[in-house]
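Participant: Sequence:
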Amino acid sequence: MANERIKSNFIYNALFQLSGIVVPLITLPYLTRVLHADGMGKYAFSYSVAYYFYIFIRLGLHNYGNRTIAYVKDDQYELSKTFFEIYAFQFVMGCSMSVIYLMYCIFLSTNKTLSFIFMLIVLAGGIDLTWALYGLEEFKVTSIRDISVKVLTAACIFAFVKDEADVWKYSLIYCSGFFISQLVSIPVLKKRIHYVKPGYQDIIIHIKPNLVLFLPTIAVSVYKTMDKIMLGLMSSDLELGYYHSCENIIKIPLALITALGTVMLPRMSNILSHGDDNPEAESIFDKSILFAMFISSSVCIGIMTVSKEFVPLFFGEGFEKCITLFNIVLPSCLFLAFANVIRTQFLLPRKKDKLFVISLFTGAAVNLILNLILIPGFASVGAAIGTLAAEIVVCVVQAVSVYKEAHIGRNIINSLPFVLAGVLMYAVFSNYSPVILGNDILSLLFKIVICGLFYLAVLGVLWFGKIKIHYQGNNSVKKEKI
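Numbers given in our numbering equal positions in the sequence shown, counted from 1, plus 24.
Calculated directly from the structure, the hints in this document are not laboratory data.
Be aware that one or more of the hints could be misleading.
[Unchecked claim] Calculated pairs, DSS-like style, for lysine-lysine (alpha carbon to alpha carbon, straight line, at most 27 Å): (1) LYS275 x LYS164; (2) LYS193 x LYS275; (3) LYS311 x LYS232; (4) LYS332 x LYS248; (5) LYS232 x LYS221; (6) LYS105 x LYS375; (7) LYS105 x LYS221.
Turn these sequences into a full structure, and let the hints guide you.
Facilitator: So, in structure tokens, the structure goes:
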């Protein structure tokens, strides 16, 4: 029954994540041709500033709130009591940050129109209860909600965004959809949670662990959000437009990995609430590593392989620099995928928050230093290098920290066939440019099919012919044919 629920939740969350792929794949080529790189850069800068206020409202709720609700969801009273204890602080932070952001719009913003529009993102932070829905494993609700909003947003983009002057319209459409999607959650939670007046001391006890898990959010924001702000301030809207457009495509291989982590955090937390030595937890962890590495290696290295054909066809003229950016940033997905499973299925469910925080701050420090050094001279390429270095550092620190406990050595060896198949695919086909009837779309599709078949063939040879290494308790190594 539990496995069926996991599969169902993963499917719903995967559909949501896939909608985050499909909708941009439909709208992004239109937006890059209408708004151009400069317009995309203006949007990205204003969004990044507003998003910083948004994360200061939600703090560490994505992980802390999710995990805490998952632990008490089987007790109706404790669930309601815990929810309002946690939300009380979110509400206070929402009011405070909204006032501060308003001051920024009035006195500091260089593009007041866009800044005021993005006020909707900040306000949405005060009513974003997705963490509670995830903790309750209500993935069907969140998926249907967000897919519907994305489809409506896409329709409005094609209907109202017509030229480069319409950056404000695009911003308003996106922000309105984001705000509305948070409102939809409220009626759903009212059916599961009843009001319990939180006491002051009860609220206080949640603040420290929430802030502890906010630290990784801040660290991640350095190389997910702050890098765009730094790029906009130290370079130009044009370079930021290249980087932002490239980043939107990189979300494709990350979507299913993110879906897996989102689903498995509350499930693993619930499993471990009955004891740390549950063999089911280890089995799920190992299988998740294999899935994450298959998705990341096939899709991200696949995009790198076809980037020369894909970029001019997808983005249009003037975005050729994205080819270089793809080849720098996309390898980071391999490390991010591996670390995502460690984080969501080992560190957080076992409340190893300190290790999690240390790893992300180490990566953030590396990213910040590299950005300061490289962005002034290399612009978007410098930011891309900083992101790659940060993801490598985070993955290495997390893996080393739990190397024996999580059997990292075994999982690295089991992951190698996926990585090697991807590397060989890139080496063989990256410079191969087929011409099918003089049609660029058919040529791209043909190359994708050829690369995909090659990847699967090599993976089959490596996987079924490899020697699987099992680590024994005494560090001896045993080999056996699969």
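Participant: Give a verdict on every hint.
Facilitator: Results for each hint:
1. LYS275 x LYS164: 21 Å, holds
2. LYS193 x LYS275: Roughly 23 Å separates the two Cα atoms, so the pair holds.
3. LYS311 x LYS232: Roughly 33 Å between the alpha carbons, so the hint for LYS311 and LYS232 is violated.
4. LYS332 x LYS248: 25 Å, holds
5. LYS232 x LYS221: Measuring from Cα to Cα gives roughly 20 Å; hence the hint holds.
6. LYS105 x LYS375: Distance ~21 Å between LYS105 and LYS375 Cα, so the pair holds.
7. LYS105 x LYS221: 7 Å, holds
Violated hints amount to a single one, hint 3; each of the other numbered hints is respected by the structure.
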